[in-house]
Amino acid sequence: MTAVELAGVSVDLGGRPVLRDLDLAIAGGARLGLIGPNGSGKTTLLRAIAGLVPARGRIRVGDAPPGGLSRRELARRIALVPQSPAVPAGMTVADYVLLGRTPYISYLGTETRRDLAIVAQVLDHLDLAAFAARPLDSLSGGERQRAVLARALAQQAPVLLLDEPTTGLDVGHQQQVLELVDTLRQNLGLTVVSAMHDLTLAGQFADQLVLLDGGRVAAAGPPATVLTEAVIGRHYHASVRVLEDPGGGIVVVPVRPTLERQVTHEQPA
Amino acid sequence: MIVPAARLRAGPLLAGMAGLTGAALLAVLVGPVRLAPGAVLAELAGRLPWVHTRSGLSRQEAAILWELRLPRVVLGGLVGAMLAMAGAAYQGVFRNPLADPYLLGAAAGAGLGATLAIAYGPDTLLPVAAFAGAVTGVAAAYALGRSGGTRTATTLILSGVAVAAFLTAVQTYLQQRKAETLREVYGWILGRLTTAGWREVVLVVPYALVSTVAILLHRRLIDVLAVGDDEASSLGLRASQVRLVVVAAATLATAAAVAVSGLIGFVGIIVPHTVRLLAGTSYRRLLPLSLVGGAIFLILADLVARTVTAPAELPIGVVTAFFGAPFFALVLRTARRAP
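Top to bottom, those sequences are chains A and B.
If you want my numbering, it's the position in the first sequence, counting the first as 1, plus 29.
If you want my numbering, it's the position in the second sequence, counting the first as 1, plus 1191.
No lab work stands behind these hints: they were computed from the structure.
Treat the hints with care, as some may be off.
Unchecked claim - If we take Cβ atoms under 10 Å as the criterion, some of the chain B residues that face chain A in the derived model are:
| hint | residue |
| --- | --- |
| 1 | Arg1411 |
| 2 | Gly1471 |
| 3 | Ala1501 |
| 4 | Pro1502 |
| 5 | Leu1505 |
For each residue, glycine too, the CB sits at the ideal point set by N, CA and C.
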């Protein structure tokens, strides 16, 4: 089943076209990686799917009626983890994760026991129970990213959108966060779409990659077909080596063109 | 089971109510004519249904209690509660710790309305003119505060700055043309409760009730706005809608307070921040506790204003700043939490 379907989607921001006539079908349970150079439209695409920017064309989420979904209904089906989430001063981790229940709590009402039980469950699931009463702004980068994920999970949405989920994390925490997302995807049957900068991680943690350039889909398919030196060179204007990891997967390494020449020069004839 | 830290607990609220009762009693007792605490309590209790007591207050003392002290204390409490609640609400929906109830042109609008009434109209028109001015100022800021088709917190604040500057310019011009009104206008701008009577209380109560109910009902949603409009939107909440309702309610509360007491400054900033430092940042606790805290603060400030230089009175705005600022600095230094 298709989790999200985009047909002829275009988005203009400040009079400038950011997405142009985009078609994309995201299968349920997929783990899709969105890659592309800065300004290629990755974030805007995620925001368009989440209904946060006005878009032309058709965006259909799951079995939503053709008339579209209300803001609340959309928030029950799509959870978005933004690239740099706001960190409200003084808010505890539990209260922050409880914000994820907003689409279920009646407008002027208050949380029910069920909402609190779901928050407790999510905190447990992400090993955050010990942090529940800590202020969010006292957490380290990795812990905070887990709390943001927890808030998204509390939305109980079948589709999880992640915008650069590893920004600002060291290599260990990058792996931990992505492994966590992958485990959650399997356990909860989520559809995960992540915009990613790191191409190696994108290749390892996505089954399908979509490369955006200039607001259009420039390449799409399994990582092995998208992550080639030619494709990356053309769209990122970067010199890279694409290596096969003996353990499986692809490694994309940037190389410095001048350095490369020097190395070649120094080699014995 | 998780218990949200944001929930209002009974302890702080009861402590606040006890403090409010104490402050109100003290303010009722102290004045040029000292009233005996026991007699005042008996007199007050005697007005309750099914209670029959004889207070022993003379006719004159009873009149001082019922017609002078009590309405002034009640009005001071109401005005303080409204300004503190409105200040906290503005800080929440604008995510701006420097926001106060006068942020969007309420003060400048009320100032212009009051100046018009003082210069050209009968005295009785002053509250209505100030109220109308405050509401008009905020409405103008709201109407103009659109940029690129959307109203963000920042465009609203900037539009409030523009509206306030314009209205203040008109007000200053009028004031200069009618120099004989200068003293009265200035006195009004500094704020006063000297004219307090039951009539003013009756004037404020309906607005206070409506805006308090509206704002308290939205207090959980103001917490959601803490993550910003965009994230609130992805959580299913229209931030602009919440902001409109809360700003409208806070404006009603501010306009009603300003109409009867002039521009009492500082309450809307200092009280919510003090509560924040003592009881946490969640608006679910902050708003109810600010209501109580604002009432206590202004009742005590008014007590100081009318006793320190008796029989003359200090403008209450001077007192709120003179005592409020050092107190606030003290709380800021001793609190563990950052605001």
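Was the hint right that Arg1411 of chain B lines chain A, CB cutoff 10 Å?
Result: holds, 6 Å to nearest chain A Cβ.
Holds or violated: is the Cβ of Leu1505 of chain B closer than 10 Å to a Cβ in chain A?
35 Å, violated
Restraint check, 10 Å cut-off on beta carbons, for Gly1471 of chain B near chain A:
6 Å, holds
Interface hint for Ala1501 of chain B, Cβ within 10 Å of any Cβ on chain A:
Violated: closest Cβ of chain A sits about 42 Å from Ala1501 of chain B, beyond 10 Å.
Would you settle whether the hint for Pro1502 of chain B is holds or violated, based on the nearest Cβ-Cβ distance to chain A being less than 10 Å?
46 Å, violated
Of the numbered hints given earlier, the model fails hints 3, 4, 5; all others are met.
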